[in-house]
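**Student:** In order, the protein sequence lines correspond to chains A and B.
For the first sequence, my numbering gives the first residue as 1, with consecutive numbering after it.
For the second sequence, my numbering gives the first residue as 1, with consecutive numbering after it.
Worth flagging that the hints you see were computed from the coordinates, not collected in a lab.
Check each hint, because a few of them may be wrong.
Unchecked claim - Simulated DEER-style distance windows between Cβ atoms:
1) 213(B) with 314(A): 43 to 51 Å
2) 241(B) with 26(A): 27 to 35 Å
3) 53(B) with 348(A): 44 to 52 Å
4) 63(B) with 129(A): 52 to 60 Å
Said to hold, decoys possible - Under the rule of at most 25 Å between Cα atoms (straight-line distance), these lysine-lysine pairs were calculated in the BS3-like manner:
5) 232(A) with 49(B)
6) 428(A) with 380(A)
7) 106(B) with 232(A)
8) 440(A) with 453(A)
9) 275(A) with 285(A)
10) 49(B) with 285(A)
11) 428(A) with 453(A)
12) 10(A) with 440(A)
13) 194(A) with 224(A)
14) 227(B) with 88(B)
15) 180(B) with 275(A)
16) 376(A) with 428(A)
Source: prediction; values computed, not measured.
By construction, the Cβ of each residue, glycine as well, lies at the ideal position given by its N, Cα and C atoms.
Take a look at the letters that make up each chain.
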Amino acid sequence: MTTTSTTRYKPVTAAIVEELRTITSPRNVLVDEEKIEAYSHDETDAQEYGHMPEVVVLPTTTEQVAAIVKLANRELIPITPRGAGSGLSGGAIPQFGGILVSLEKMNQLLELDVENMVAVVEAGMVTNDLAVYVQERGLFFAGYPMSLQTCVIGGNIAENAGGGKAVKYGVTGRYIQGMELVTPTGDVVWLGGKLSKDVSGYDLKSLVVGSEGTLGIATKAIIKLIGYPTAKADLLVLFKTPREAIDVVPVILSKGLTPTSIEFMDQLSIITSCKYLNESLPYEKAGAMLLIELDGTNAEQIEMDLIAAGQLCEEHGAIEVYVAEDRNNIERIWNVRRNIAEAFKVYSPIQSLEDIVVPISRIPEMIPELDKLSEKYHVKIPCYGHAGDGNLHATLVKDPDMSMEDWKKNEVACLRELYRITGELGGKISGEHGIGLKRKIFLKEVIDPVEMKLMQAIKVAWDPKNIMNPGKIFDLAE
Amino acid sequence: MKIIVPIKQVPETSNVKMDPETGTVIRAGVETVVNPLDLYALETALRLKEQHGGTVTALSMGPPQAVKALKEAVAMGCDDAVLVSDRKFGGSDTWATSYTLAQAVKKIGDYDLIIAGERATDGDTAQVGPGIASWLDIPVATYVARIETVKDKHIVLERLVEDGYQILSLPLPCLMTVVKEIAAPRLPTLGGKIRARELTIPVFSTENMELEPAALGLKGSPTKVVKIDTPKVTRGGKVVRAGDDEAVVSAVDELMSFLEAKGIV
Numbered sequence: 001m002t003t004t005s006t007t008r009y010k011p012v013t014a015a016i017v018e019e020l021r022t023i024t025s026p027r028n029v030l031v032d033e034e035k036i037e038a039y040s041h042d043e044t045d046a047q048e049y050g051h052m053p054e055v056v057v058l059p060t061t062t063e064q065v066a067a068i069v070k071l072a073n074r075e076l077i078p079i080t081p082r083g084a085g086s087g088l089s090g091g092a093i094p095q096f097g098g099i100l101v102s103l104e105k106m107n108q109l110l111e112l113d114v115e116n117m118v119a120v121v122e123a124g125m126v127t128n129d130l131a132v133y134v135q136e137r138g139l140f141f142a143g144y145p146m147s148l149q150t151c152v153i154g155g156n157i158a159e160n161a162g163g164g165k166a167v168k169y170g171v172t173g174r175y176i177q178g179m180e181l182v183t184p185t186g187d188v189v190w191l192g193g194k195l196s197k198d199v200s201g202y203d204l205k206s207l208v209v210g211s212e213g214t215l216g217i218a219t220k221a222i223i224k225l226i227g228y229p230t231a232k233a234d235l236l237v238l239f240k241t242p243r244e245a246i247d248v249v250p251v252i253l254s255k256g257l258t259p260t261s262i263e264f265m266d267q268l269s270i271i272t273s274c275k276y277l278n279e280s281l282p283y284e285k286a287g288a289m290l291l292i293e294l295d296g297t298n299a300e301q302i303e304m305d306l307i308a309a310g311q312l313c314e315e316h317g318a319i320e321v322y323v324a325e326d327r328n329n330i331e332r333i334w335n336v337r338r339n340i341a342e343a344f345k346v347y348s349p350i351q352s353l354e355d356i357v358v359p360i361s362r363i364p365e366m367i368p369e370l371d372k373l374s375e376k377y378h379v380k381i382p383c384y385g386h387a388g389d390g391n392l393h394a395t396l397v398k399d400p401d402m403s404m405e406d407w408k409k410n411e412v413a414c415l416r417e418l419y420r421i422t423g424e425l426g427g428k429i430s431g432e433h434g435i436g437l438k439r440k441i442f443l444k445e446v447i448d449p450v451e452m453k454l455m456q457a458i459k460v461a462w463d464p465k466n467i468m469n470p471g472k473i474f475d476l477a478e
Numbered sequence: 001m002k003i004i005v006p007i008k009q010v011p012e013t014s015n016v017k018m019d020p021e022t023g024t025v026i027r028a029g030v031e032t033v034v035n036p037l038d039l040y041a042l043e044t045a046l047r048l049k050e051q052h053g054g055t056v057t058a059l060s061m062g063p064p065q066a067v068k069a070l071k072e073a074v075a076m077g078c079d080d081a082v083l084v085s086d087r088k089f090g091g092s093d094t095w096a097t098s099y100t101l102a103q104a105v106k107k108i109g110d111y112d113l114i115i116a117g118e119r120a121t122d123g124d125t126a127q128v129g130p131g132i133a134s135w136l137d138i139p140v141a142t143y144v145a146r147i148e149t150v151k152d153k154h155i156v157l158e159r160l161v162e163d164g165y166q167i168l169s170l171p172l173p174c175l176m177t178v179v180k181e182i183a184a185p186r187l188p189t190l191g192g193k194i195r196a197r198e199l200t201i202p203v204f205s206t207e208n209m210e211l212e213p214a215a216l217g218l219k220g221s222p223t224k225v226v227k228i229d230t231p232k233v234t235r236g237g238k239v240v241r242a243g244d245d246e247a248v249v250s251a252v253d254e255l256m257s258f259l260e261a262k263g264i265v
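Let's have the full structure, built from the sequences with the hints guiding it.
**Tutor:** Set out below in structure tokens:
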């Protein structure tokens, strides 16, 4: 990890720290190395991507955030907004040092408006806190990702986070009806509102969602809620081959059944996770598995849909269809899926967690390509993920015996080839984790140059001094 | 081989709340599941059936909703199921429950083996299984961790005991309660679930069973719950502080004598 950078940005001086203390309060400005170290990395490899901020500020109001951003513009200091730091692409890492703005103290639910079925929250609110609060009132925030327990709403917005429920419920963006944004020049603006429809001009709110904190700092959000689905049931389906497993996905969807999740696991993922968990499912004979979840408010309907989906699987070559209808069994089968990454960490903690996305119908073509890459670059590539939306965690896992030097070389070469293949199959390099720092060098290789130019033009128009989370997604010509 | 597996429907325990006034479990809105420890009994029975042929019958005493637990047992692979249900059975303790279930076993008729879970996760008594054996006057083996052989009308099994294993040979019919080590339970299958949906589960009640009225329900239960109390946690931690190197030495001594006094070291 590097602590200094030679950039065009100006350093954070003692006078600037003092000014930040005046804007917020002395205890909400951190400069001690051991205190700010925690803000130097996210869930990506700290050694490889981490970078120390010069100062960490914990604002408590939108006005404070705006004042900090104005100061940064005036002094040409980079700003990195941060939620929970649970990102997987380095989006919240202060690559050029500067001021890190953590929204952790802006974590309150401001309003639950049941008539309009929305919640108004501060961006630092833990997503799980919101989910639990509204669930106790029979409501549901459906856009949340798998890291629900730790992540915060602001981070979800920045990454347009998605997760296991996207087949039915979509991703975060669908549930953001409005937001209060501090722009990169320090202005405060409300985009959207408590509105289900809004075509009054450009849809800037949607532009900000998924922009990885490069177009401003969302400070508040209006979140659309739906009724809580009280009934839930799952199928765990064993197939001989990945092809058979994937082929059944469009069959299920085209019959009008809309599962909440359709998760795919290849043989390597299944065996590793089952062994790690000491799980006795007859996984030896399965070349692939699907985990299909259905939910709704009518238990009888869910049961009928469950049987219908299961029978479709049987008609399309499933070896065995297991049903899980109570909490214990549902947890048991989801554990297999959830523990894949953990299980591989035991095998080898050094990995590159990927989230390529391809059209659903192309998933089977991806599997043999992964086998070839695995052989060519001597890495294990378990493939699992959200089959229902084509979003695959084809994760590169370092062979424990491989030297770090070889791994670094092979990782980059293997990713480059993986992303090229993904593109050829009509896919994109990230479905839910974002580009951030981690995939910046690869994005420019696969993206249409026209699209890149449009994005850069937007960035320049919004952030003329390029101080808002600079160096993420793409670089600007200096 | 004809096997009967008594199972119990229990509240799902991962988020159970207690009523602070009465000290009882708040059951409203709580999901019910098959007692997790009964799943090992079901698995054991299904494996024996796969090896030796025969049938497995799941048996449960409870309110009409307990049929859900029985359907899950059928979905796992049981051939049939019997629900023992009657308002007059309400309030049964382990004595009355095991009596009623033993009468249900007699009504089912022929059997070679009864396999029960170690205990239920709600009552935690581990008495009903052996109680049934007692009423039926058949041999019983508790905490069975492995089955060695079943032949010549005998079953050879390993019991888990305090300091190892005990190997027993029991004549059939007999009853055993099993521990987790015996076999990891399977999941219900779609085929099993569809069969369970279509299956009509007979209900045994005071109408169609031979029962001694005085032995039923609350009035047939010698156990009387007088009071339910939540034990107060009186453990007070001991904090040993050491500010500098010198203090550490005396702090370690203090800690050691504390641990010795408690018999920990």
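**Student:** In this structure, is the beta-carbon distance linking residue 241(B) and residue 26(A) contained in 27 to 35 Å?
**Tutor:** Cβ of residue 241(B) to Cβ of residue 26(A): about 30 Å, so the range 27 to 35 Å holds.
**Student:** Hey, residue 227(B) versus residue 88(B), does the alpha-carbon distance stay inside 25 Å?
**Tutor:** 23 Å, holds
**Student:** Take the C-alpha atoms of residue 49(B) and residue 285(A), compute the straight-line distance between them, and say whether it is at most 25 Å.
**Tutor:** Roughly 22 Å between the alpha carbons, so the hint for residue 49(B) and residue 285(A) holds.
**Student:** Just to be careful, I want the Cα atoms of residue 428(A) and residue 380(A) compared with a cutoff of 25 Å; is the pair within it?
**Tutor:** Given pair residue 428(A), residue 380(A) holds - Cα atoms ~21 Å apart, limit 25 Å.
**Student:** Are the Cα positions of residue 180(B) and residue 275(A) separated by 25 Å at most?
**Tutor:** 18 Å, holds
**Student:** Is the Cα-Cα distance between residue 275(A) and residue 285(A) 25 Å or less?
**Tutor:** 14 Å, holds
**Student:** Holds or violated: the 52 to 60 Å window for the beta-carbon distance between residue 63(B) and residue 129(A)?
**Tutor:** 37 Å, violated
**Student:** CA of residue 232(A) to CA of residue 49(B), is that 25 Å or under?
**Tutor:** 32 Å, violated
**Student:** Between residue 428(A) and residue 453(A), does the CA-CA distance stay at or below 25 Å?
**Tutor:** The given pair, whose Cα atoms are some 18 Å apart, holds under the 25 Å limit.
**Student:** Within 44 to 52 Å or not, the Cβ separation of residue 53(B) and residue 348(A)?
**Tutor:** 47 Å, holds
**Student:** Tell me if the straight-line CA distance from residue 376(A) to residue 428(A) falls inside 25 Å.
**Tutor:** At roughly 22 Å apart (the allowed maximum being 25 Å), residue 428(A) and residue 376(A) satisfy the hint.
**Student:** Does the structure keep residue 10(A) and residue 440(A) at a Cα separation of 25 Å or less?
**Tutor:** 24 Å, holds
Hint compliance for this structure: hints 4, 5 and 7 are broken, all remaining hints hold.
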